[in-house]
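K.L.:
Listed below, chain by chain, are the residues.
4 protein chains.
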Amino acid sequence: MVRVGVLGGRGYTAGELLRFLVRHPHVQVTAVVSRKDLGEPISQIHPWLRGQLDLPLSQANNQQLAEQCDCVFSCLPHTASAEAVGELLQHGVRVIDFSADFRLNDLETYEHWYQVKHPVPNLVGKTVYGLPELFRDEIRTANLVANPGCYPTTAILALTPLIMADLINPEGIIVDSKSGVSGAGRQADEAYSYCEVNESMSAYKIGKHRHMPEMEQIITRATTRATQILFTPHLVPMSRGILSTIYAEPNPGTSPEDWVECLAEFYANEPFVDIVKHIPKTSEVVGTNRCAISVNRARGRVVLVSCIDNLVKGASGAAVQNFNLMFGFPESTALC
Amino acid sequence: MVRVGVLGGRGYTAGELLRFLVRHPHVQVTAVVSRKDLGEPISQIHPWLRGQLDLPLSQANNQQLAEQCDCVFSCLPHTASAEAVGELLQHGVRVIDFSADFRLNDLETYEHWYQVKHPVPNLVGKTVYGLPELFRDEIRTANLVANPGCYPTTAILALTPLIMADLINPEGIIVDSKSGVSGAGRQADEAYSYCEVNESMSAYKIGKHRHMPEMEQIITRATTRATQILFTPHLVPMSRGILSTIYAEPNPGTSPEDWVECLAEFYANEPFVDIVKHIPKTSEVVGTNRCAISVNRARGRVVLVSCIDNLVKGASGAAVQNFNLMFGFPESTALC
Amino acid sequence: MVRVGVLGGRGYTAGELLRFLVRHPHVQVTAVVSRKDLGEPISQIHPWLRGQLDLPLSQANNQQLAEQCDCVFSCLPHTASAEAVGELLQHGVRVIDFSADFRLNDLETYEHWYQVKHPVPNLVGKTVYGLPELFRDEIRTANLVANPGCYPTTAILALTPLIMADLINPEGIIVDSKSGVSGAGRQADEAYSYCEVNESMSAYKIGKHRHMPEMEQIITRATTRATQILFTPHLVPMSRGILSTIYAEPNPGTSPEDWVECLAEFYANEPFVDIVKHIPKTSEVVGTNRCAISVNRARGRVVLVSCIDNLVKGASGAAVQNFNLMFGFPESTALC
Amino acid sequence: MVRVGVLGGRGYTAGELLRFLVRHPHVQVTAVVSRKDLGEPISQIHPWLRGQLDLPLSQANNQQLAEQCDCVFSCLPHTASAEAVGELLQHGVRVIDFSADFRLNDLETYEHWYQVKHPVPNLVGKTVYGLPELFRDEIRTANLVANPGCYPTTAILALTPLIMADLINPEGIIVDSKSGVSGAGRQADEAYSYCEVNESMSAYKIGKHRHMPEMEQIITRATTRATQILFTPHLVPMSRGILSTIYAEPNPGTSPEDWVECLAEFYANEPFVDIVKHIPKTSEVVGTNRCAISVNRARGRVVLVSCIDNLVKGASGAAVQNFNLMFGFPESTALC
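Chains as they are written, first to last, in my numbering: chain D, 1 to 336; chain C, 1 to 336; chain L, 1 to 336; chain H, 1 to 336.
Incorrect hints may have been included.
[What the hints assert, rightly or not] Distance condition first, Cα-Cα at most 27 Å in a straight line; then the derived DSS-like pairs of lysine-lysine:
no., chain 1, residue 1, chain 2, residue 2
1, H, Lys-36, C, Lys-277
2, L, Lys-205, C, Lys-277
3, H, Lys-36, L, Lys-205
4, D, Lys-205, H, Lys-277
[As the list claims (entries may be wrong)] Derived DEER-like restraints, expressed as beta-carbon distance ranges:
no., chain 1, residue 1, chain 2, residue 2, range
5, D, Pro-56, L, Glu-261, 23 to 31 Å
6, C, Pro-77, H, Asp-258, 43 to 51 Å
7, H, Ala-191, L, Arg-23, 45 to 53 Å
8, L, Pro-330, D, Gln-68, 28 to 36 Å
9, C, Glu-171, H, Phe-327, 54 to 62 Å
10, D, Gly-253, H, Asn-251, 26 to 34 Å
11, L, Glu-171, H, Ala-191, 44 to 52 Å
12, C, Gln-44, H, Glu-108, 44 to 52 Å
[Claimed, not checked] Some chain H residues judged to face chain C by a derived CB distance under 8 Å, without partners named:
no., residue
13, Arg-23
14, Trp-48
15, Glu-111
16, Glu-171
17, Gly-287
18, Thr-288
19, Cys-336
Please keep in mind that the hints were generated in silico from the structure rather than gathered at the bench. For every residue, glycine included, the Cβ atom is placed at its ideal position computed from N, Cα and C.
Based on the sequences and whatever the hints tell you, model everything.
P.N.:
Below, the structure written as structure tokens:
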């Protein structure tokens, strides 16, 4: 049994993570850390755990955590996460970090987009990005994995093979993404209250969302082609699911058959990426660790539609997939 | 033109109220008061007012308000409302109070259920309850009207005629109500965040909600029969609308025809109460000032279904109806 | 491996059932039958099955089915189900029937409430009702199990122990239930179209729903006390979940402590029934096979709140629980 | 009083239209035609009309309709609408047509995209497009007005001034639109049933939706610049509202200030178009006849966000605006 701890246990990603972990045959959850609701059983926060995991929420104490755990999942916000991660690594614990702290290629971009000093700058740009479809081998041996952002997962999986194969122009790409509300996390904020969100939709942070440089840098890292993306996120009145509609310029002489074939081959043996013939909807993938991608042509452009469950393939499912690789279990264990 | 002010202008009830007031041909809105967003145009908070009412939000100042207004609608929470109302009345302003401060029959019940000292105790039990269908004449001449609670409106309208006519037992009544989320007001509270409320429903405050004594006291006031009600409110994932399912014991020798006829006659000339043959749904009345009521019999009991829009007939529409009566305008002016 | 078939494979209950069956370690799904979409892979209808179960939908043929299956789950509508079930039993297949055809105690009640001739009258009243919490031993050896209705599950689990222990009056009970829309099945009907259901709620079939006699008869069967219930179902704008608010008269001399203790003891060893101290909400149980029940007192009455996922504990999860009992597997296998 | 008739009275657009018409001081609704529910009062279909318009639904009879009406609104589907419109015009009735039959510039495009023979080909390309912001003068004197499509309204209003002023490239434009479900009309179709649509979103008809040539042709007509658009519609789980995110290439030497100024000036005196500084959300405009547009720059592109209520500015409100122009009433009469 691998002894596992979770930091930031009250949040929605932690709740989903624990849903998977309690049915993982080789995992024992030994600690769930939170600032709020200390001492309360975690099953009171995430009631579907009742009877399966009733561990009380405990206070942050990295040394103690290092004694209790072989692996820690950090669901903390950025910078808070990096601080904890840094200490845990020094204690020899392997870590999967849900925050953005170790995803980017360089410190400058991080500090520009996040407007903070990085607490552990030396690991920035040297940490493996936890998308197994692109970086599987590095993940297996990593002590620290940067779990991908939810929006970037949809874009990177859809675009990388096409850019790598020189089928589309890596510049001038538009990613128009629509997300359910759980992407904003669990919070008390008038802007995310039911009556503000229900029966409405909106765009936000047009060209200013922090996932934009993440998409660009990871695709560039994976393809060695300098990739440039205009990213517009939208908030949709549903709890879960992301659908990204992606517009790119095909390279001359390439056809829709080429694009489909490229993606189908790239993901032929992947358990969690489906290249589908119909245009997928988010309900197809919600509750699963799958990404469904369709390829279309319109007005001379490539139009990709890429769907995931933001809390699963966009967060907790991907984390379990990474965990399985890191600890040598079959990659799909406890996932669906 | 009647010069009108609104206290607590950021809330949902205030937003709906202003939607009606800007199309009222005899109203000029001269002040909208708020603690937050001071100086911002009210149309930034309630965007449908854009171009119709762009008045900046102003600070509470009852003396100044008395100079600017002939009538003030108070959308403040209880006790805060009573304090403002007391002062405004002394300055000669007529007031329609959305809070519960002046709805109950006696101080003891108020202080028991609200667990506070009442700031203006002398008006408790002497204030007209703003349900025109029961208290129209008193409303016309009142300087202060206590606008009814949303849940009580559904129950009082459905039950009062039947109790008054001795067709049902005034004791042992059950009111099982289901409300949209706007009933909880505009707020930053994790419990009312989108992901907590969406795709879920719950009961709350079973037999402990403050609207229970309000229902009992007002029906008792109107019928002179001591009425006893068990009230269970529920939260439903929709923004607006209340549906109450009401169970009562018929008096011996009465028939469904009697019950229907009693209600149909009582409301024959009412513009905003419909006794309907089908079982109504909330979408029938959302956006309108109407209450739809159906009468059913099952297993020997009377089962009433009563629906309103909680923000309109359950709050702002009723307030405008009261306003029209108080200032001598046709009762339906600006309403639908 | 137990070879399993599903009749009526396109529906929502079949979709949920297959979600559980594909992760059951001792099940091989060998046939999924449907009238529509013949030949299409079932994973096109229920996309979360992609890669796990891509079996094509096949035509109804009971003889062939009997060769392919040790157990058949019938998700057909009433009478159509009984016809298929009758034939399958004769071929020696064990059957779990989701329809109401074999739930009631007597033919007369069935034919009165369903207004049809029963195709297999000799099994009516002799079939075990598939609620393991009440009829576990009979289920183990049954060849035919009548899977319970969704609404009845909430009411029967909450009421039976209290009636059995003579703590409440078995007459005069009110069950006010609120259900998500999937309870109406997968269908093309204007009344269940998105815009008709969204942002609205309604009561329907007050005292006339077919689950009313089911509740009464099964509780009577289990307790030997003649039970009488007034049942009002409501439609709520959410996909899944049922919450029933239940009002009963306590027997004299009994206290809330007695009621809680009775339920807590009755379900002490049950993996899927939780007697909780807070008032539960449906999202606590959605996706799980659990029923959460709280006990309250108000205005002298017992008020029970009972929640399930209508597609899981109210249909497919219960069916898998029954299957596990029938085939000797641990009762929670593949469930959560 | 202008005597008004409505064809296709059961639909959602007709329901909204009648909501406006009953409060129009110069309108008398004399006929509502439908194939279904003949003889039923229209207020049974659209319950908010109860007490205000209880006219029974009547059968289609264009000659009789011509005697009863000065103006007819046709909410029929395409081709059925053109047939009725042709006859009504011959009887001297003025018509506002909600269908697409008379919106396009030429017969060839119509027959290519709609795959039908046009019943009244001689009016195609000669009919005024009912967007008052662009074609106000022609609308005033027209006997037939083609009411705009919902998606095109968002795109045409946002793009036309910028193309006309040579600030953006009329080619290579992307319109990524997200619509509530009422855009699909009132219908019994499994694909639009609650459980299929709720908690999911999808793209559809990428580059193949009939509103794409409408956008291109009307902008080309208004600007005389050949405009080319890639249009992707999406279905969002909400009843009402459209938000279009529009990507265009700015012409060299132009700045965001130029773009904003151009739009602000163009719409300076328009009662129903707001150029806003924040990024608008659909709830700002739902229930109103307004279009809210924001202008952004990202990665060197112009990004416009344009929102309307698809049933109001995208259908019935626009129709009333056209009606007011045609009959000489103030343009905002009965609108908000």
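K.L.:
A separate judgement is required for each hint: does it hold in the structure or not?
P.N.:
So, going through the hints one by one against the coordinates:
Only pairs whose Cα atoms come within 27 Å are accepted, and Lys-36/H paired with Lys-277/C is accepted, the gap being roughly 21 Å. Distance hint between Lys-205/L and Lys-277/C is fulfilled; the C-alpha atoms sit about 13 Å from each other, no more than 27 Å. Pair hint Lys-36/H plus Lys-205/L holds up; C-alpha atoms about 24 Å apart against a cutoff of 27 Å. Distance restraint check for Lys-205/D and Lys-277/H: the Cα-Cα separation of roughly 13 Å lies within the 27 Å cut-off, and the hinted pair is therefore satisfied.
Take Pro-56/D and Glu-261/L: their Cβ atoms lie about 25 Å apart, and the range 23 to 31 Å holds. Between Pro-77/C and Asp-258/H, the C-beta spacing of about 48 Å keeps the proposed range 43 to 51 Å intact. Separated by about 28 Å at the C-beta atoms, Ala-191/H and Arg-23/L break the suggested range of 45 to 53 Å. At about 29 Å, the beta-carbon gap between Pro-330/L and Gln-68/D stays in the expected band of 28 to 36 Å.
The supplied range of 54 to 62 Å is met by Glu-171/C and Phe-327/H, whose beta-carbon atoms lie about 60 Å from each other. For the pair Gly-253/D and Asn-251/H, the beta carbons lie near 29 Å from each other, so the given range of 26 to 34 Å is met. Checked against the hint of 44 to 52 Å, the pair Glu-171/L and Ala-191/H passes, with Cβ atoms roughly 46 Å apart. Distance hint check: the CB atoms of Gln-44/C and Glu-108/H are about 48 Å apart, consistent with the given range 44 to 52 Å.
Because the closest C-beta pair between Arg-23/H and chain C is about 7 Å apart, less than 8 Å, the hint holds. Interface hint at Trp-48/H: satisfied, since its Cβ lies 5 Å from the closest Cβ of chain C, which is below the 8 Å cut-off. For Glu-111/H, the shortest C-beta to C-beta distance to chain C is roughly 39 Å, which exceeds 8 Å, and the interface hint is violated. Taken as an interface hint, Glu-171/H does not check out: its beta carbon lies about 34 Å from the nearest beta carbon of chain C, beyond 8 Å.
A hinted interface residue such as Gly-287/H counts as satisfied when its beta carbon comes closer than 8 Å to some beta carbon of chain C; here the least separation is about 6 Å, so the hint holds. Interface restraint check: Thr-288/H against chain C, minimum CB-CB distance 5 Å, threshold 8 Å, status holds. About 7 Å separates the beta-carbon of Cys-336/H from the nearest beta-carbon of chain C, less than 8 Å, and the hint is met.
Hint compliance for this structure: hints 7, 15, 16 are not met, and every other hint is.
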